[in-house]
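Participant: Listed here are the chains, written in short residue letters.
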Amino acid sequence: EAQVTQNPRYLITVTGKKLTVTCSQNMNHEYMSWYRQDPGLGLRQIYYSMNVEVTDKGDVPEGYKVSRKEKRNFPLILESPSPNQTSLYFCASSFPGNTEAFFGQGTRLTVV
Amino acid sequence: GENVEQHPSTLSVQEGDSAVIKCTYSDSASNYFPWYKQELGKRPQLIIDIRSNVGEKKDQRIAVTLNKTAKHFSLHITETQPEDSAVYFCAASRPRGSNYKLTFGKGTLLTVNP
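From first to last, the protein sequence lines stand for chains A and B.
Every number in the working numbering is 13 more than the matching position in the first sequence, counting from 1.
Every number in the working numbering is 76 more than the matching position in the second sequence, counting from 1.
In case anyone wonders, no lab produced these hints; they're calculated from the structure.
Among the hints, a few may not be true.
[As the list claims (entries may be wrong)] Straight-line C-alpha distance at most 27 Å; calculated DSS-like pairs for lysine-lysine:
(1) B:Lys147 x A:Lys78
(2) A:Lys30 x B:Lys147
(3) B:Lys118 x A:Lys84
(4) A:Lys70 x B:Lys134
(5) A:Lys70 x B:Lys118
(6) B:Lys182 x A:Lys70
Please read these numbers as outputs of a predicted model, since none were measured by experiment.
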């Protein structure tokens, strides 16, 4: 089954404690991206990757890091989480161009 | 970069009525315009898309229209049903290999009242 898998689904952490949210896709997609969703602000892109070892900043990259060492995986790293990073996070993947983007199940992160 | 504006932010209709959501985009190089539906607690999923060489596309009760000159596109839902209640996002992107990026609007919360 074609899918994008994120883990964990829910996470509560404390300020400053490094965390990683994993994202994996099995569709051989070149393009992967991370979004955060906050009420009234829609889906804002954090980082995206056009292919292995090719990543670039989206609209709200501050406080986040990513890596793309393999085509199927695109982890999101918060080196020192802060409360303003409390949000719902989605990973998505697609073939770049005029094709459907597939989203993961979402990760609800709370930083206290 | 691309900027996608979406209106209205909330929309409430009676079951059976039509609903229209409008989006504008800024990048004239954008050529792909998908619409995603996000039900409560779920992930966004594609419901319909349109490419810039087409002016209108229909799929049962939903249709999308595109006006490239004015840089706007709209989602039309006819004969709305309670299960149409969700957040709808429009998006725009350039072609592959041309600084490709998928940019979303802020979303419209549609409520269909029985």
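Participant: So, for every hint listed, does it hold in this structure?
Facilitator: The hints, checked one at a time:
1. B:Lys147 x A:Lys78: The given pair, whose Cα atoms are some 34 Å apart, is violated under the 27 Å limit.
2. A:Lys30 x B:Lys147: 44 Å, violated
3. B:Lys118 x A:Lys84: 25 Å, holds
4. A:Lys70 x B:Lys134: 35 Å, violated
5. A:Lys70 x B:Lys118: 26 Å, holds
6. B:Lys182 x A:Lys70: Measuring from Cα to Cα gives roughly 19 Å; hence the hint holds.
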